[in-house]
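*Asks:* Quick mapping for you: the protein sequence lines, in order, are chains R and E.
The numbering used here puts the first residue of the first sequence at 1, with every later residue one more than the last.
The numbering used here puts the first residue of the second sequence at 1, with every later residue one more than the last.
No lab work stands behind these hints: they were computed from the structure.
Treat the numbers as computed from the prediction; the structure is a model and nothing was measured.
The reader is advised that the hints may include incorrect statements.
Reference excerpt, derived from the structure (chain R facing chain E, CB under 10 angstroms, subset only) [as the list claims (entries may be wrong)]:
id	residue
1	Gln8
2	Ser35
3	Val42
4	Gln67
5	Glu68
Heads up, the beta-carbon is just placed ideally off N, CA and C, and yes, glycines get one too.
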Amino acid sequence: MTKIDIIQNVYEKLGFSKKDSADIVESVFDIIKDSLSQGDKVKISGFGNFMVKEKRARRGRNPQTGQEISITARRVLTFKSSQVLRKTLNG
Amino acid sequence: MTKRDLINKVQEKYKIYSNKDIACAVNVIFASMTEAMKNGERTEIRGFGNFTIRERKPRLGRNPKSGLQVKLSERKTPFFKTGKELRNKVDYKNGL
């Protein structure tokens, strides 16, 4: 499934124009991205939570060469699926 | 930000639609992704990330409170891999 399939679903189920369906889907993902970029978390009930986590700097190793490298402090995005979603997948 | 806030923000941009209509659209978006995962399909959103299904093997677990052993059956969990664009946006280096 890609964005195009999602747009198609919105178009078919809600009767918005093709263009509006595309714009709305696009803007939903843009708004989520903006919010996460600012370090804010995004909670979608029934689906899951997107959270930004701070990672401290640490020493790592290149698994191929075994050479030690330093990994700088960073912020990463994590997704925690909702219990409802997990139940749906296993039900 | 919750789903409610997200709906309100989208509606501010598309005032010709009612809040209810936008709420339906947002629900269709997440329902579509859920449906795809249910069918074992992967969902790819360019610039955002991919949702895939990971199979967990059955194993013996323990109730952390009582210490009793429990059987955990085979199950599926959703996995999200952040897309490149979003990964860079979220990190310090670019932005903030």
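*Asks:* All the hints need checking, so say for each whether the structure fits it.
*Replies:* Checked hints:
1. Gln8: Check passed: Cβ of Gln8(R) comes within 9 angstroms of chain E, closer than 10 angstroms.
2. Ser35: Because about 5 angstroms separates Ser35(R) from the closest Cβ in chain E, which is inside the 10 angstroms limit, the hint holds.
3. Val42: 5 angstroms, holds
4. Gln67: 22 angstroms, violated
5. Glu68: Given a least distance of 22 angstroms, the restraint on Glu68(R) is violated.
Going down the numbered hints, you'll see the structure goes against 4, 5, while the others check out.
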